[in-house]
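*Asks:* Got chain A sorted already, so can you dock chains B and C onto it with the hints?
Line by line, the protein sequences are chains A, B and C.
Quick note on my numbering: the first sequence kicks off at 107 and runs consecutively.
Quick note on my numbering: the second sequence kicks off at 847 and runs consecutively.
Quick note on my numbering: the third sequence kicks off at 71 and runs consecutively.
If you are wondering where the hints come from, they were derived from the structure by calculation, not from laboratory data.
C-beta atoms are modelled at their ideal positions from N, C-alpha and C, and glycine is treated no differently.
Covered stretches of chain A (in silico footprint by chain C; criterion: 3 or more residues with CB under 8 Å from a CB of chain C, positions within the stretch not fixed):
1. 125-135
2. 149-156
3. 176-190
4. 193-206
5. 233-242
Taking lysine to aspartate or glutamate pairs in the EDC-like style, the calculated list, with each CA pair at most 20 Å apart, reads:
6. C:Lys-391 <-> A:Asp-245
7. C:Lys-264 <-> B:Glu-853
8. C:Lys-105 <-> A:Glu-234
So, partial list: chain C residues that the calculated Cβ filter (under 10 Å) puts toward chain A:
9. Gly-109
10. Lys-117
11. Trp-281
12. Val-397
13. Ile-408
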Amino acid sequence: MMGVVDKIKELDGAKITIQRENRIFVDVDKDRVIGTLYSLKLMGFHQLSVQNVVDRIKDGKFEIFYVLYSHEYKINVIVRTWVDRDNPVIETADKIYPSAHTWEREISEMFGIKVEGNEDCGKPFILENWKDIPPMRKDFDSVKYSSEHFVFRHSEGENE
Amino acid sequence: MNIKEYEKGSFLKPLASVKYLFKKPHTVRYPQEEKPVADRYRGLHINDLDKCIGCGNCRDICPCAAISMEDPSNVRPIDINKKGANPVRPKVDYGRCSFCALCVEMCPTGSLKMSKDLIYTSPDADAFAWIPREEQGREPGFVQDNEITPLMLEAEEMEELEPDVRKKSFEEMILGFSEEQARREAMRCLGCGICMQGCPAHMKIPEYIQAIFDGDNEKSVKYMLEDNVLPGICGRICTHRCQDDCVYQYRGDPIHIMWLKRFATDQLEDYKSVNIEKMPSTGKRVAVIGGGPSGLSAAYHLTTMGHSVTIYEQRSRAGGALATGIPLYRLPIYELDKEIGNIESMGVEIKLNTKIGEDVKFEDLLNEYDAVYLAIGLSYGRSINLKGEEHPNVVQAIDFLRQVKIEGRRDITKHVIVIGGGNVAMDVARTVARLQEINYGSKDTTVETVSLEDWDIMPASQEEIDGALEEGVIFNPAWGPNQVILDENGNIKGLEVKKVKHVFDENHRFNPAFYEDQKKIIYGDYIVESVGQMYNFSFIPEEMLNKLEFTPRRKVWVDEYGETSIPGVFAGGDIVETSRGDAISAIANGHRAAIGIDRYLHGKK
Amino acid sequence: MNKSYELFIGPNHPGIPGNFSLKIELEGDTVVSAKGDPGYLHRAFEKAMEGRYYIQNLALIPRICVPEPDINEAAYAMAVEDLMGVEIPERAKYIRTIVLELARVANYTMWLGGLAGTLGLYTLAQWSIGDRDYALDLFSDICGARVYHMYIWPGGVRRDLTPGWEDSVLSYIRYLKNRLIDYDNIFLKNVMFKYRTKGIAVVTKEQAIEWGATGPILKAAGVAQDVRKDDPYAAYEYLDFEIPTLTDGDSWSRAMIRRWELENSLNMIEQAIKKMPKKGPVCAKMPNPLKGYVPEGETYAKVESARGEHGFYMVSDGTGKPYRVAVRGASHTHMFTIAEKVLVGQRLADVSHTLVSLDICPPEIDR
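Extracted from the complex, chain A is given alone in its bound form (with noise of 0.2 Å):
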């Protein structure tokens, strides 16, 4: 019978890399994703554990992770994909994960990465009246921004 770390490298398309025993990165093009989750869904990967972004400003794209684990095996596998910073559209995988649905809420705030198929996306989460750059890219300076926009109180007081 054919294990499931087998079965995970025959994956079309997908550049796998064994971190150890039970720690699989599968790298795959942005059009894969949705399918590859879909394949590793159905072998048994049954929960996302988190999906976020890594903006890697240097290259001009954004990492785009899922951290999958099966109950089943004990692995964990991480998902990997890459889209453009400047134009960045994803396809949504909460059909296939329920628990994607709120994690893409929060990137698309958090890095204005577009979901398409995820109608909540764009509604405003956890940010309220945000009209600077998506606060969580590398380009945005938290410093600068607060010293915008709060006054900085410094202490003189010496006196017990």
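*Replies:* Quick look at chains B and C alone, frame taken from chain A:
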């Protein structure tokens, strides 16, 4: 766990709570009662302001930017002249502090602690910031631990040749760091910059160590050259006062700053790509008398400022004491060639074997050049008026070292006595040990030193003393030379010495006294005097020398820009320096004089 | 006439340990829809961590989950150690285990009080908060702080245990085991408790797996999954324990699972204290925090929190500051994917108790 029991449920069991009606409550009735606080409690800070050195590492590690370094004089005066310290102390803003105690972990002196006290109230929001101090009377809680600390307290081991190997030749004995060691050592640096105060040249030490850590040796040497034109030489022979100030000294080993400098320069074959950029030529000409570190430093910086510079050197080699005095096993010739060659490559002209006063007249220099820099150093040995001193086998250390280093002398007698307890005496003794090993295989040979100073006040550095001991040098501390003893053929038989009572008198002045009745003879056939050097101004015409002002300690008087009392004549190096008279001080005042000369040439004065 | 109306629960509400709001739409007193509204507690920790040295984040990470801060410290330290390839000393592993389990005990006692409070039994709430305080005192003894311990750090732990600390822990365990009998008597074995929780907020096994539940929710639905067993960290591989499971997946089962785990934790601490090496280093040698770099790489470190899988996804670009840290708190999924669905059809009176039963911890959502 029996789930069944829980599934059943009960109406009566909750009545068990009734028994608590008669129990003592476990609440603490504050403020009538006090709850004991843990020994490691992380409360408000305590800082020993006298122990604190204001290095600012607490501020750097603070995750909340709660610490600022401020002048504490309005709360409690501190010793602002403390060596290796900044006159500021941490002020903590408790509106920001997260009580993580990382500042305590990182404090290199151990002055900062957390207290067991966390209660402080005030209606004034600004009152929640103060300079913590011991006078506030808080009880210590969380303190640092040398076992578990984010600081890397242990230094990298430096490899050196074993005593019996290094004695056989004049090969450089310190082997230098490997790349990996250098990066590990550079990683230890906290970047606080306290060391910069100790360095006479105020080199940018944190910056060049950071560059070494980043693996960018070129950038590192670039930083060095801004203040020190002989970084590779200083990386070998410096008195490293920076290391004496390194904040690691309080809890561990200071960083080997000197050897890191050597590592970075050793990685570059030449400094062409890292030299300071030259400014356009000004057409002004400067003469530098003396090719020692101070003269070279001034010449280099003046050249980068666009002036044309000529160095006059009386010996066959530029470098001054570096070239003639420091033994090969500490400073190899190729390093001198590399760094002096670099200065020449900048366009500095060096006239060797040219003695001012004989080959060239001093007055002519004054007329020919727009400015003159005097950096002649202390190039003559000082005699101690010992009885029998005129014997040809009684020589001066400076001459002896020069003969061995650049004149190729390799002969030596079997029993040598070195008078002196300074670093130069150590150089002589260790050089003699090598020559004896080369000539006689150390069979039936002795080298002994005699010094007025006892072990505890011996001026030589500990490393040098240890090195000499390892190489078989015999010490006679606290003995003063009395007379040279000759045998019937007129050869030296030995040195009569008498016991020293004290070296310094009650006023801490140098004024040795002896027990005249306690004498002994140290047997030997060759004596090297190493008790100090002096300058010789005989090349300056009398009427001009009279105009030259001296300080009470017989050093040449100069102003803050290195200018002497004769306009256009600047001075630096050992003839000015009153401190230890090391290469780095000479380099530093060479740089200072270059700035002064530049100002003078631009008519700013 | 419009029959339904909207009701805001929170941002301050006794049923939610933190600032978090819930918009529910009601018809009569039956919930028609529920939407979580986060953001009241957002401190941008993930962003703030990118600008600080690895060690400085020690001050931030415990604040991601207030009732149980040590899981953050452990997961963060494990991620850094994984990237650096550092193996921590044996004794440090045991100390971490003891601290993590003690934190779990503190968390569950507080949770029990919260559950009892939302069901109207404030006696237990007073008791259990009081008993949690004794655990906090134990933390204070070894690290100097009651709530934000900052005790587990990359390389091991920050200080060795104080002399006699193990004995204080053992006597606390004895005390708590006795108290648990009374907890059971007045609350868990109380018929009122059974009537209020049986069949409420059911998450079936299929749903739990489909929705990505972890921790007690999954165990109550019948899946024996626990990071401590599946991917052992600290010293869990040396300890003997079992993962409790029940099948109903309702509020009652989850309470039972937690009660069971509480007892397991107490036993595990006893075991760990017995097996722990009595001497030895508790922290590996680490590089200078102001300069030390972490090799380039990506890793995911996870631990089992009282609420489920708690993980740190860490990306290093080879400098002294993390390039990206993404935190996975169990409550993120539990709130938006599970609670929003499970609340539908509940009575208003059960809403806050359901939230406690699912153990929604808002700081994990608003990181």
